[in-house]
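Using the sequences plus the hints, can you model the full thing?
Residues per chain, in single letters:
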Amino acid sequence: MSNQPDDAVRLPPEVESQLNERLAVWARARRLGSADLEAIRGLVLARVAEPLPSEFAAQLASSELVSWGLVSSELDPPSAFDSEWLWSLLRPVTALMEWKADVGAGNLSDRVERWLQPLTGDRAYQPYLQLA
Amino acid sequence: MDDRSDRLAVFDAMYTAHAAGLHDYLLGRTSDAEVARDLLQEVCIRLWRGVAELRDLTPERRRAWLFTVARNLVVDFYRSRASAATAHDALSQRVLRTWEQVAPAAEADVIGRNELEVLDAAIARLPEALRTVLVLQVLGDRTSAEIGELLGRPAGTVRYQLAQARRRLAEELRLMSGEEQEVSP
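Each protein sequence line maps, in turn, to chains A and B. All residue numbers for the first sequence refer to the working numbering, where the first residue is 1 and numbers rise by one. All residue numbers for the second sequence refer to the working numbering, where the first residue is 1 and numbers rise by one.
Hints are computed from structural coordinates only; laboratory data are not their basis. Wrong hints could be hidden among the right ones.
[What the hints assert, rightly or not] A few chain B residues facing chain A, derived, Cβ under 7 Å: (1) Gly21; (2) Gln41; (3) Cys44; (4) Val69; (5) Asn72; (6) Leu116; (7) Leu139; (8) Leu175.
[Stated by the list, open to error] Partner residues aside, some chain B positions facing chain A, computed with beta carbon under 8 Å: (9) Trp48; (10) Ala52; (11) Leu119.
Don't be surprised by glycine CBs; every beta carbon is placed ideally from N, CA and C.
Next up, the structure:
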């Protein structure tokens, strides 16, 4: 492979100019601005914030889950229940909900699902989301 | 490093230095703006967790660590769509649907939102290797050498790929051989 574009690849000057102009339009829309970067930073820091308060952990692990309309078959086995894991999911949802005006409500559920999928795998997280 | 303020200082320094580049790389690999932002969050979560081990690394190794994480997350992202082949098909179908939706509008005198959709679709149709170098160049004004460092490719290869990407994009946008559509702002 040559290190330089050959003539077959090089564009005519007028095409170069038009292409640059259109790519500049695209770049202005797709480049992350300082507000975007700050919003993403905020979401990340929300996801790694302080641990779950102990009283809330105890409450979540108790049978009160059933009284909130959840049935045991919808939840992971008790031995697999991880209150820290659950808290790590619930905390950023709040931040994301605050962000939804920018995202668009229609896309929010897709974004939450895509966000949670790598974290949850096959775990039953939908009942937990109802708690939020 | 247990002190949160120390950890935050290192995190912020690395975030400031690399977040935009990581985003551009992720957008180039996935050609999906929302997915790129979500994956950037995931990279940063791992950054937070790995701050203690990253603190003493050189800037070059820190950057290499971050881009390795990003690369692995892209692979995981495609795997999560059942398989890489299925993911590619799904992506292609989505791009085709997008293109079918916007192509009629592109035939009219359009700019702005439709122009962005046309450009998104055209860029998404580029081969991934070409798309990635193009996005890194266009969004970050990076040189071929800088892109080569990020991707582990010789600068000459990046220059060649950039030229190929631009030519194929010009063809996608029908700028070649008098096929140009009127889109001037």
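Satisfaction of the B/Leu116 interface hint, Cβ to chain A closer than 7 Å:
holds (5 Å)
Review point. Is the shortest C-beta separation between B/Leu139 and chain A less than 7 Å?
Key: holds (5 Å)
Problem set entry | Per-residue hint verdict: B/Ala52, partner chain A, C-beta under 8 Å | Because about 13 Å separates B/Ala52 from the closest Cβ in chain A, which is outside the 8 Å limit, the hint is violated.
Per-residue hint verdict: B/Val69, partner chain A, C-beta under 7 Å | Violated: closest Cβ of chain A sits about 13 Å from B/Val69, beyond 7 Å.
- Task: Mind checking the CB of B/Asn72 against every CB in chain A and telling me if the closest is under 7 Å?
- Result: violated (11 Å)
Q. Any CB of chain A closer than 7 Å to the CB of B/Gly21?
A. violated (10 Å)
How about B/Gln41: closest beta carbon in chain A under 7 Å, or not?
-> Hint on B/Gln41: holds, closest Cβ of chain A at ~6 Å, below 7 Å.
Next item in the hint list is B/Cys44. Is there a CB on chain A closer than 7 Å to its CB?
holds (4 Å)
Exercise for the section: Classify the hint on B/Leu175 as holds or violated, based on whether any CB of chain A lies nearer than 7 Å to its CB. Expected result: holds (5 Å)
**Report entry** chain A contact restraint for B/Trp48 - C-beta distance below 8 Å
**Finding:** holds (5 Å)
ask   = Does the interface hint hold: is B/Leu119 within less than 8 Å of chain A, judged Cβ to Cβ?
value = The hint holds - B/Leu119 has a Cβ within 8 Å of chain A, the shortest such distance being about 4 Å.
Going down the numbered hints, you'll see the structure goes against 1, 4, 5, 10, while the others check out.
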